[in-house]
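Given the sequences, and given the hints that come with them, work out the whole structure.
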Amino acid sequence: MTVDSKVRQSSPAVRSKRLGSLRRRLNMDWQLYLIILLPLIWLIVFQYIPMYGAQIAFRKFQATKGIVGSDWVGLANFAKFFQSYNFKKVIVNTLAVSFYDLIVGFPFPIILALLLNNCLRPRFKKITQIVTYMPYFISTVVMVGMIIQFTSPKVGIINFARQAMGLSAIDFMAIPGYFRHIYVWTNIWQGSGWNAIIYLSALAAIDPGLHEAAMIDGASRWKRMIHVDIPGIFPTITVLLILRAGQIMNVGFEKMFLMQNPLNLDASEIISTYVYKQGLAAAAPDFSYASSIGLFNSVINLILICTVNYVSNKLSETSLW
Amino acid sequence: MTKVPTSQISDVQKKQKIQRSLNDRVFTVVNDFLLLLFFLIVLYPLIYILSSSFSSPKAVSTGQVFLWPVDLSLRGFEAVFEYKAVVSGFANTIFYTLVGTCINIVMTLMAGYPLSRRTMPGRRVLMFLFTFTMIFSGGLIPSYLLISSMGMINTRAVMLIPVALNVYNVIICRTFLENTIPEELVEAAQIDGCSHIRFVIQMVLPLSKAILAVLVLYYALGHWNAYFQAFIYLTDRNKFPLQIILRDILVLNSVSDIIADPQLYKARQGMADLLKYSLIVVSSAPFMIAYPFVAKHFVKGVMIGSVKG
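Chains as they are written, first to last, in this note's numbering: chain U, 1 to 321; chain R, 1001 to 1309.
Simulated from the structure, these hints should not be mistaken for lab results. Every value quoted in this text rests on a predicted model; they were computed, and no experiment measured them. All C-beta atoms in this analysis are idealised placements derived from N, C-alpha and C, irrespective of residue type, glycine included. Treat each hint with caution, since some may be false.
What the hints assert, rightly or not - Taking beta-carbon pairs under 10 Å as the criterion, some of the chain U residues facing chain R (in silico):
(1) G145
(2) S201
(3) A290
As structure tokens, this is what we get:
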């Protein structure tokens, strides 16, 4: 048998057939490039050209001279940002809201997933799941509209309730002290149900044999949750935590910007909204200054995600790439 | 296992067993109570909005609505569809969503399929080019300058072309195809002389229904809720998508042409608030209603797609 196969392998007819198939495969692989060509062009134009254009952060941009033609000023734009009196405010606001959101918001989907997983009433479980993920489909604009409507001192339900209890109405959106709480807790309201889906599927993937073994050993349901379910979803938790931690400096523009009003600006001005205001909304837009702030933010993000990933790779051998 | 007579179970064991079942019962009650709490907290604002939207303007502005609709009326919904800007916003958003999602799906498959084939030379380099954009970007201003130099500002194309691809979705798609389309299947098709393009159309598409459901939902929802792109690049009112109109009404509180008579201020204020609730319902309902129907595909697709994403 082995001799036979050896003979076959070396027979010229087979070899030429193999070469033919290899050649055909190479022809086919050329098609793969043809297929990916359009997405690749898109990627280069809309992702890599802006990266190249980010060099205006080091120049004094003048529209007539173009990106490459404008004068090189080195780190002057960055220095201007570090020295501006807004620097501390936007950095502190960005980090504060981000850490608050991470620390308080992260556990909620996990808790919800565990509760759903331990619920023994299938219909109640299903309805709760459907209801809790519904808010995910609400757009940011509508979400902020809801917040404004609910907290309105004149027609908001919260203030109607306060008045019914004999308390005076409060204009929550006008007080910087409330801003972060409103931002984070509405995020939790909107995202917990949806974010629980991934933990639920991780919980479903746990080997039922582990639960059976624990039951035979006399473990209560609480003990099983602590010693079987949570260790089972721990890798998922780690990966999602890395992803979130890498996004610490990346607070979404939309919700923040929409929630801003002149009265709460002390708490609500963050890096991305500041970039927009300096660059596009200003009466005399300073493109170079604005993009230096954006670039500063992007670089910090890049360093953060690489660091977090490196540390987690060393500690738990969980890595994004 | 042989059945042990009750008399042979020791008292200690019996006690343990009772203790355990009591523990478990307490656990069940606490668990369901907390879940009910979650359920009610999420549900209440939704119910409140729905009830308000079906109430009369007066009931809304004087705070009579707490749980159920008061003075059942459809005035709010009538106002929504009489509002010209809202109607044109809807039409534009439907256009952007339909065309945009088609472009997205084609582009995502065109990127995802080649990246999923292990035999493709240079796959790692291409993969890096794609993933790198997830962790680093040039920023808002350079993108704005690019779009403006391409002459795309204030065109409908700006709502479709710069967002033609989402790299995160490409990775999901690639992972799915890598796991569901075995290399042997591709080879077998190639030996029979089937080209990659034909293979994608005849083999990959029918096998990827789950991931297509996920991608369509992600992309369509993205277009439906998109606000940033239009906010930055569009200035023409008749090109505005729904979300920009919603921002004017819900966030900036500028309701202009509902009631022309300025003397009816009170009625007008009530109408404006009612309009907001009805608008929230009308703009958010489509996806909320559609999702339960695709949920089964969806969870499956998310699970397969996210393995080692």
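Here is what the structure says about each hint:
no.	hint	result
1	G145	3 Å, holds
2	S201	5 Å, holds
3	A290	5 Å, holds
Hint violations for this structure: none, all hints satisfied.
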